[in-house]
Amino acid sequence: MEASVIYLVRGADESLVEAVLLDDLDKPHLEQLEATWAPVVEQVKRTTPRDRWPEDWHWNWRDKLSHAHQTFGQRGFCITCEGGLQGAMLVDLASLSNKGTRSVLYVDYLAVAPWNRSAIQTPKRFKAVGGTLIAAAVQLSIDEGFKGRIGLHSLPGARRFYEKNCGMTIIGPDPQKQNLTYYEFTSEQANAFLAKPLTK
Amino acid sequence: MKLNLPKDWFIRAAKLEGDCEVGAGSPPTAIQSATPMISVFTHLTFGRLVLLLRRKLGLSIEQLAARAEAATEELQAIEDDPYHEPEPSTVYGLAQVFGLSVTKMMQAAGLAVAKKLPLNKEAVRFATDAKPTGPLSPEEQHALEAYIATLLDDERGKE
Amino acid sequence: MTLNLTDAEMDALEALAGQKDLNKTAIIRQALRLYQLVDQRMREGKKLFIEDDVNKVKSELMLV
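Chains as they are written, first to last, in the working numbering: chain A, 1 to 200; chain B, 1 to 159; chain C, 1 to 64.
Check each hint, because a few of them may be wrong.
To be verified - Just a sample of chain A residues kept apart from chain B, beta carbon distances all over 12 Å, derived:
1) Glu-2
2) Ala-3
3) His-58
4) His-69
5) Gln-70
6) Glu-82
7) Gly-87
8) Arg-102
9) Thr-132
10) His-153
11) Ser-187
What the hints assert, rightly or not - Heads up, incomplete: computed chain A residues facing chain C, CB under 10 Å, no partners named:
12) Arg-50
13) Asp-51
14) Gly-73
Stated by the list, open to error - Anything over 10 Å on all C-beta distances counts as not near chain A; from chain B, calculated:
15) Ala-13
16) Glu-17
17) Glu-21
Quick caveat, the hints were computed from the structure, so don't treat them as lab data. Quick reminder that beta carbons are idealized off the backbone N, C-alpha and C, glycines included.
Can you make the complete structure from the sequences, with help from the hints?
Okay, here's the thing in structure tokens:
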């Protein structure tokens, strides 16, 4: 497992805070995710109507990760800061794209900790978690020969982030994925994203 | 894999992120939306409770299974898999072995709804990595006692 | 490690590399990942099917 020093911005005072990006989501971090994110999500579920629950409330990270350490095709990532797990991602290197001919690295799951979401906590505890995970996916795509290309199905509430902030190409609603909108980075877009993040 | 980006990158990333939500994956299916949600946290906490009480009694999983008249595989799943929903009969058997209220054990296992919000502070402290064997450390003993105390306080109707 | 491929296999490798916009090493690594994934699932007792999208006919991929 490799660690990279990264930075997050504290929502309360906009200060820069050192954090760590790990290129694995191992058992201790998975357990930390389950133990610390779930109580917050469950509190939200008890106090809000179902249509305002977090869109990833039902995700089973443990099940999705069950193959990640047995095959080369899946890789996990997580971000830690001040002792807490701030974001997690699972990518798939073995997916076959039927949306175009060029191979992409597929972002299977991406989520930030519930306290880093403005729908749950204002201000967010930390910002730049999601963008950093996207940057990690792009870097892995470059390292693995995919030239920075990535693909993902956006959760409905995150479409603005991928369209406006990341500048990803909208491929369109995918009927095989409950009509979630599928986005891709071209190689040029991906490299531009790493050079200068987020466009308006 | 190494990520090397300058501080400016993160400052700009955070500024432009603003209050945007970020997430990618699958929404709930119709089946998931219709069925009661699996409480990962509740099951994780219950698994830890069973594990620590078992260790406190100095029992192996097989010995506990025999006393609780439950399947060994089920007890293993309770301790290891936060997505496993325990069988009510198993929870009943465990309550008898541990000398705890059946009602509270059912609530702790997520099989019954507590009248008020549970024990979350103690439960969070509780639901951390615990070793499968060996005597309890002082920290584990304290966390276990605090968690059980909240279970009993709850029953007596205290705040 | 040296890879010994026939001319036809090399042609197929180059064609795939062109189609997928990956270099040849990346194609080989991708093939390994896919093989490992399929093998893992098969050892778990699962089956792999190919479905004709038009007439919805499924045929099982035979791996022996």
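Quick rundown of the hints versus the structure:
1. Glu-2: Answer for Glu-2 (chain A): violated, closest chain B Cβ roughly 6 Å.
2. Ala-3: Nearest chain B Cβ is 9 Å from Ala-3 (chain A), so the label is violated.
3. His-58: Its Cβ does come within 12 Å of chain B, the nearest being 5 Å, so this is violated.
4. His-69: With a cut-off of 12 Å, His-69 (chain A) remains clear of chain B, as the shortest Cβ separation is near 16 Å.
5. Gln-70: holds, 17 Å
6. Glu-82: Non-interface label stands for Glu-82 (chain A): nearest chain B Cβ at 15 Å, farther than 12 Å.
7. Gly-87: violated, 8 Å
8. Arg-102: Fine: 19 Å to the nearest Cβ keeps Arg-102 (chain A) off the interface.
9. Thr-132: violated, 7 Å
10. His-153: Its Cβ does come within 12 Å of chain B, the nearest being 6 Å, so this is violated.
11. Ser-187: holds, 18 Å
12. Arg-50: Violated: closest Cβ of chain C sits about 33 Å from Arg-50 (chain A), beyond 10 Å.
13. Asp-51: violated, 33 Å
14. Gly-73: holds, 4 Å
15. Ala-13: violated, 4 Å
16. Glu-17: violated, 5 Å
17. Glu-21: Incorrect as stated: the minimum Cβ-Cβ distance to chain A is 4 Å, not above 10 Å.
Comparing the model with each numbered hint stated earlier shows that hints 1, 2, 3, 7, 9, 10, 12, 13, 15, 16, 17 do not hold.
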